[in-house]
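K.L.:
One line per chain: the protein sequences are A and B, in this order.
Here the numbering used here is used: position 252 in the first sequence is 252, and no number is missing along the way.
Here the numbering used here is used: position 195 in the second sequence is 515, and no number is missing along the way.
Keep in mind that the hints were calculated from the coordinates and are not lab data.
Here the structure is a predicted model, which means the values were calculated and not measured.
There could be a bad hint or two in this list.
Stated by the list, open to error - Now the in silico label distances, taken between C-beta atoms and shown as ranges: (1) Arg40/A to Glu827/B: 48 to 58 angstroms; (2) Glu827/B to Cys149/A: 35 to 45 angstroms; (3) Glu150/A to Arg747/B: 28 to 38 angstroms; (4) Glu150/A to Ala758/B: 14 to 24 angstroms.
C-beta: ideal position from N, C-alpha, C; glycine also.
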Amino acid sequence: MPAIPSPISAIRPTACPEEGRAEDVLEGALDRQRLLAVLREQVRAVEAPGTGRGVVPLGVPAVDAHLPAAGPGENGAHGLPRAALHEVAAAGDLDAGAATAFTALLAARLAEQVRGPILWMTRAPDLYAPGLDAQGVGPGRLVVVHAACEVDLLWAMEEALRCPRVGAVVGEAGGLDLTASRRLHLAAETGGVPGLLLRLNAGKGGAMKGLKGAGRGSGRGSTQASAAVTRWQVGTAPIQEAHAGDWGTTASAFTGPAWRVELLRCRGGRPGAWTLYEREGLRLEAAGQAAAPAPETPPPASAVVPFTSTQLTSTLRAVG
Amino acid sequence: MRRILSLWLPTFATDRIARGLTPPLPADDALVTRLSDRGRLTVAAVNAAARAKRLVPGMGLADARALEPQVRVVDADPEGDAAALGRLADWARRYTPWTAVDPSDPPGFGPKGLGGGPGLLMDITGCAHLLGGEHELLLDLERRLAKAGFEGRAAIADSIGAAWAQARFGAQLVVPPGGAAEALADLPLPALRLGPDLVASLRRVGLRRVGELMRTAQGTGGQGSKNRAALAARYGAQVALRLDQALGWVDEPLSPRRAPTRHTARLTVVDPISTPEGLAQAVRHLLGRVAASLTAAGEGARSLELEAWRIDAGHDAPPQVLGVGASRPNRDPAHLWRLLEPRMDQLEPGAGFEIMAISVTHAAPFDGGQAVLSGDGLADLAGPPTAKGGEAAAAGNPLVADPPIAELVDRLGARLGPGRVLRLLPRQSWIPEQAVRAVPAEAQDNSPQAATPAAAPLAWPADRPRPIRLLPRPEAVEVVAPIPDDPPLLFRWRDQTYRVGRAEGPERLLPEWWEGGERRPNPNPEARDYYRVEDAEGRRFWLYRLGLYHAGGPPPRWFLHGFFG
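Please construct the entire structure, taking both the sequences and the accompanying hints into account.
P.N.:
Here's what the structure looks like:
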């Protein structure tokens with residue numbers, strides 16, 4: 001939907017000349033400017049919550065460009081807000097591995113600058129530490145919390161998020177309502193600890209088939225309201241597809257995973273979809289630039305019933 | 321000055337049986353327990369009515385039946401008696417943390433015709449005022465025992481020997497401090513816990529009372545040591561020792577049933593506490609006192625216990641206990657309360673608790689002071705600066721070296737229960753399900769593997785890709801695979817068919833030769849050939865073939881074991 005970012009970008013250019021005029025005309029221009037800066041910071045904090053404590057770039061320019069910008073004084077880096085709640089959903093039932101690995105990667109990246117442990121709350125018995133180690137969550141940092149029930153899990157997550165010395169908190173939560181996710185996000189902001197919700201059972205029915213066409217149009221995983229700052233949907237990509245780069249030079253086809261990663265929602269940023277693959281040293285790379293503008297492509301015609309499409313165009317017209 | 325309470329339960333075994341009888345045993349019905357002693361049935365214990373009919377422990381059952389044909393005979397249950405006595409000793413900790421079981425005396429000890437009968441010993445030093453004095457404590461104890469159906473006699477004195485003697489032979493319930501010699505003087509010699517042989521030989525020389533023995537031992541005009549030596553030479557060291565112990569000249573240790581801790585706080589209330597608010601207030605009060613005691617000793621609590629006695633609980637209902645552990649010595653009442661708080665609803669106050677106590681079951685030198693000083697900005701100094709074992713602790717478990725993290729781990733563990741907050745550490749095993757060692761997050765890692773130098777920490781080999789999710793139990797799959805050891809082309813798992821796009825392998829994992837043997841059969845007796853396969857969608861699975869193809873044999877089975885990221 002190209003129309004949504006445009007109003008925001010349309011406001012900004014008008015705001016800037018006004019600021020310039022004020023500087024010329026009014027006394028105490030410096031105060032005014034400072035006030036504006038404060039206001040702008042407040043607006044930014046509302047638009048992209050959690051960025052106040054800095055952002056962590058993923059290291060893939062194509063992806064980072066879609067993520068919110070850091071607060072002032074951090075030379076305009078874009079990345080994942082640290083003190084915020086993020087959500088990673090598996091695209092399908094069988095993408096649990098991919099979603100887990102991607103989450104582990106994000107957790108390791110978000111916790112890179114701090115010393116604290118990474119707490120992984122789960123109710124499933126199948127988390128395998130050697131695999132997490134390969135994604136940068138080593139045994140020296142990992143603390144696994146086995147919760148008996150969802151309530152315990154969320155309680156433990158909140159408790160851990162409020163502890164500023166924690167590196168990152170991952171929670172494999174199932175059903176989570178808006179209030180619960182707000183609580184978690186608030187806890188993450190309070191403690192300054194990144195929180196990651198990993199949702200493995202997001203896909204129901206048809207999870208294994210038809211992944212190719214399942215863009216954001218399918219709405220899977222995005223039906224439930226959530227206070228998470230970013231929402232990702234992760235599936236696997238065939239390694240052949242990820243071959244676009246110089247993949248062939250590596251000896252094994254299995255040295256790094258390839259993921260179809262969609263940024264479904266991003267407060268203070270833009271959605272996007274990429275095929276990412278992991279290179280040596282946990283470095284992410286996007287497969288070609290062709291995949292980057294994926295969100296701008298309209299949903300497949302077959303997925304849109306005529307009524308909805310007219311509805312959609314009329315709203316677009318109203319906005320534009 | 322120590323104050324010892326000796327409780328004697330002359331008819332404990334029969335009382336215990338009588339309590340369980342319905343309808344209740346009439347007061348004048350004789351009841352004895354029988355024991356097979358070298359093929360002969362003998363009476364092991366008698367109740368008061370049987371004693372009145374001159375039945376005594378140790379006599380033959382046939383003799384007993386001849387004396388009292390109506391006697392009720394029940395099999396003796398020494399183990400049950402011991403267990404019940406243990407429970408009684410636990411119950412008695414309502415009076416003092418220092419209680420011990422006083423086992424039944426050997427035959428011939430104690431008052432004639434009563435047999436042994438077990439008892440309890442309690443060090444009530446500094447405890448009696450909680451109940452208004454030693455007399456009140458004794459009365460309370462005897463009243464509660466009588467209500468529970470036990471005949472009990474108790475006495476308080478300066479030494480175990482004196483209290484023991486008064487409980488069994490004397491009439492003076494409370495021997496005032498320093499009055500042991502006077503109180504013992506009139507008692508017969510068996511009151512000194514001397515065996516029948518010694519008593520008989522002392523009696524032969526005309527010594528009948530403790531007082532006479534005391535005078536003999538002391539002698540007159542500086543002859544004491546000589547007389548004592550003569551006494552010891554003639555009758556053995558036992559006589560002098562027992563006398564000295566009773567008089568409190570020789571210390572006699574009382575080993576408590578459960579080691580009391582140095583940091584204990586207890587609260588006795590007149591109005592039983594039953595509301596959650598009341599309980600919380602009481603516990604916080606106790607924690608504050610324990611914390612003060614810990615601070616004074618420079619220690620912190622690694623684990624502590626909350627005990628609560630219900631007002632309506634029977635004598636053998638042990639106190640309700642809540643135990644919590646901290647990952648590093650802690651003495652912050654607020655933190656300790658946060659550990660206890662989530663478990664408070666496990667207490668069942670019923671009609672209310674009348675006594676609550678908190679004791680530190682494991683205390684360790686407190687090292688939090690420096691960590692607090694170092695603050696957040698000096699994370700590098702936040703390691704545990706304990707004098708000894710500090711570095712080892714840091715190497716073994718870096719997580720709990722950081723106090724806020726340690727407290728978080730405690731809180732999580734306290735609410736979620738034991739074994740739920742874990743670290744997953746490498747273990748040297750090729751078998752995937754055995755390559756991970758889960759240890760409690762708060763535990764110091766003392767395994768030999770952790771003792772390896774920190775320069776070469778054990779890790780999972782990086783050159784062997786491992787899945788990120790491993791099925792707890794490998795699931796059988798049907799495959800289409802070229803023999804003998806090619807990866808599958810197609811496999812079917814949970815009613816879905818997956819076409820393999822690419823595959824890599826095999827990685828052969830052999831059973832570990834040191835596993836198995838006759839006593840412990842190897843759970844993985846066969847070799848596994850693992851393949852990493854990818855289906856058309858790019859999903860990566862970990863499959864293995866168990867065993868090899870054998871001509872003529874059944875084809876080996878295939879399993880799905882995990883999912884790669």
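K.L.:
Please go over all the hints and tell whether each is borne out by the structure.
P.N.:
Against the structure, the hints:
The supplied range of 48 to 58 angstroms is met by arginine 40/A and glutamate 827/B, whose beta-carbon atoms lie about 56 angstroms from each other. Between glutamate 827/B and cysteine 149/A the Cβ separation comes to about 38 angstroms, which falls inside the hinted range of 35 to 45 angstroms. Taken as a hint, the range 28 to 38 angstroms holds for the pair glutamate 150/A and arginine 747/B, whose Cβ atoms sit roughly 31 angstroms apart. Taken as a hint, the range 14 to 24 angstroms holds for the pair glutamate 150/A and alanine 758/B, whose Cβ atoms sit roughly 22 angstroms apart.
Of the hints listed earlier, there is not a single one the structure fails to meet.
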